[in-house]
Amino acid sequence: MTRFFQNSACLDSDRELVVLVIATQERRVEALTSLGRHVEALLACDDIIARCNGKGGPPDPSEHVAWALSAKAFTFAREERSEDAAKVCSEIIGRFGPSSPTPLLERAGRALVGRAAHFCDLGRYEEALSDCDTFLATYQSSAEPWISETVALALLTKGLSLLEIERSTEATDVLNKILTCFGGETEPPISDYVASARDLLRDTESE
Amino acid sequence: MKISSDPDATHVYDEIIEHFGDSSQEGLREQVKKALLNKGRMLMTTGRAAEALDAFDAVLAHPGTSQAGSELGAMFWKMSVLSSLGREHEVAELCDKLFESIDPTTELRLREAGASALLTEASILKAGGDRIGEVASYDTLLSKFGLPGL
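Heads up: the protein sequence lines correspond to chains A and B, in order. In terms of this note's numbering, the first sequence has 82 at position 82, counting the first letter as 1, and numbering is strictly consecutive. In terms of this note's numbering, the second sequence has 38 at position 38, counting the first letter as 1, and numbering is strictly consecutive.
Keep in mind that the hints are not guaranteed to be accurate.
Stated by the list, open to error - Restraint-style ranges between C-beta atoms, simulated for each label pair:
| hint | chain 1 | residue 1 | chain 2 | residue 2 | range |
| --- | --- | --- | --- | --- | --- |
| 1 | A | Lys-87 | B | Leu-60 | 51 to 57 Å |
| 2 | B | Arg-48 | A | Gln-140 | 38 to 44 Å |
| 3 | A | Thr-204 | B | Ser-143 | 53 to 59 Å |
| 4 | B | Asp-14 | A | Glu-187 | 52 to 58 Å |
| 5 | B | His-62 | A | Glu-63 | 42 to 48 Å |
| 6 | A | Asp-199 | B | Gly-128 | 35 to 41 Å |
| 7 | B | Asp-139 | A | Asp-60 | 43 to 49 Å |
| 8 | A | Pro-98 | B | Asp-57 | 54 to 60 Å |
| 9 | A | Thr-102 | B | Phe-20 | 54 to 60 Å |
| 10 | A | Gln-140 | B | Leu-85 | 34 to 40 Å |
| 11 | B | Glu-100 | A | Glu-164 | 54 to 60 Å |
Unchecked claim - Facing chain B, a subset of chain A residues (Cβ under 7 Å, in silico):
| hint | residue |
| --- | --- |
| 12 | Thr-33 |
| 13 | Gly-36 |
| 14 | Val-39 |
Bear in mind the hints are in silico, worked out from the structure with no lab data behind them. No residue lacks a Cβ here, since even glycine has one placed at the ideal position from N, Cα and C.
All chains should be modelled from the sequences, with the hints used to inform the complete structure.
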């Protein structure tokens with residue numbers, strides 16, 4: 001909390017005021033989302049993006065835009081609006097990619113796997129598979145800390161999609177890979193993905 | 001304004017306070033308040049929180065006829081000291097008072113300080129589980145700055 005006081009001591013321009021306003025909106029989005037006030041959260045995300053795109057925006061607009069788009073995708077997903085969530089993920093993927101600096105790279109990578117999950121919800125399994133494969137081919141070798149949980153989610157989404165299009169043998173291989181690579185994980189969300197993979201394998205074997 | 005951490009600076013501030021502390025002239029009283037504010041900030045940076053609070057309270061004890069920056073500054077820096085001491089309830093109360101004192105004519109630096117104070121209040125409400133109150137703090141901040149789209 002003392003950070004706010006320290007920050008404010010050096011604020012001396014309109015641009016820094018814009019930064020403060022955007023930071024406020026970002027906190028507001030988090031609070032609104034936690035309260036289930038999704039419409040207001042989405043409007044606030046749009047406001048952040050507009051401020052970043054406008055004249056006199058913050059010095060690092062891309063990070064704020066990526067944050068707001070990710071928050072929009074998350075909010076649409078909470079509202080079970082998979083089509084809209086997938087569209088926003090596409091926007092993130094279109095704007096940022098593997099050559100972006102780390103924070104944006106993470107947003108793009110997570111958006112790719114997020115879009116795969118939304119495609120899966122929409123029954124667009126081939127597109128989901130394509131996104132999972134793209135992510136695994138592009139990002140899997142990276143040592144960034146966020147990669148592991150996203151790889152586990154990509155494998156789970158891929159396994160689920162393969163099951164849905166009745167490619168059971170390949171699905172079993174992918175789901176077993178989750179157990180091999182992450183079976184010892186005890187922390188969520190990876191432990192949750194491992195449990196889901198186990199359940200799917202059990203269901204497949206009993207059929 | 002940079003505040004000197006030189007202990008000798010305290011003597012200069014004390015001298016101003018001693019010589020002109022009882023003056024009825026508005027201009028001199030404002031200079032005394034500035035000395036008290038700077039003394040408080042210097043005490044704050046050297047870890048003498050209780051004495052810093054006394055200095056800020058002395059500024060606030062005699063409000064000026066105009067909306068003076070030193071009073072807003074005293075509120076702001078007092079909040080900082082209270083926050084560092086974990087006296088969050090008092091921070092929240094002072095935050096409301098500080099923000100009420102700010103209007104569009106207030107200089108940018110102090111408006112930003114007020115905005116930061118509201119963010120602090122929001123953090124306190126969030127930590128206490130009051131997410132609705134937290135959102136209200138953000139709304140107040142954004143509306144106070146006359147931002148469109150809200």
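Now the hints, each set against the structure:
1. A:Lys-87 / B:Leu-60: 51 to 57 Å: With a Cβ separation near 53 Å, Lys-87 of chain A and Leu-60 of chain B satisfy 51 to 57 Å, so the hint holds.
2. B:Arg-48 / A:Gln-140: 38 to 44 Å: Since the Cβ atoms of Arg-48 of chain B and Gln-140 of chain A sit about 55 Å apart, the hinted range of 38 to 44 Å is violated.
3. A:Thr-204 / B:Ser-143: 53 to 59 Å: Given range 53 to 59 Å: holds, Cβ gap about 56 Å.
4. B:Asp-14 / A:Glu-187: 52 to 58 Å: Given a distance of about 57 Å, which is inside 52 to 58 Å, the answer is holds.
5. B:His-62 / A:Glu-63: 42 to 48 Å: Given about 46 Å between the Cβ atoms, the range holds.
6. A:Asp-199 / B:Gly-128: 35 to 41 Å: Holds, at about 39 Å.
7. B:Asp-139 / A:Asp-60: 43 to 49 Å: violated, 25 Å
8. A:Pro-98 / B:Asp-57: 54 to 60 Å: holds, 57 Å
9. A:Thr-102 / B:Phe-20: 54 to 60 Å: Once the Cβ atoms are compared, 56 Å apart, the range 54 to 60 Å for Phe-20 of chain B and Thr-102 of chain A holds.
10. A:Gln-140 / B:Leu-85: 34 to 40 Å: violated, 49 Å
11. B:Glu-100 / A:Glu-164: 54 to 60 Å: For Glu-164 of chain A against Glu-100 of chain B, whose Cβ atoms are near 59 Å apart, the range 54 to 60 Å holds.
12. Thr-33: Constraint on Thr-33 of chain A not satisfied, violated at 10 Å.
13. Gly-36: violated, 10 Å
14. Val-39: violated, 13 Å
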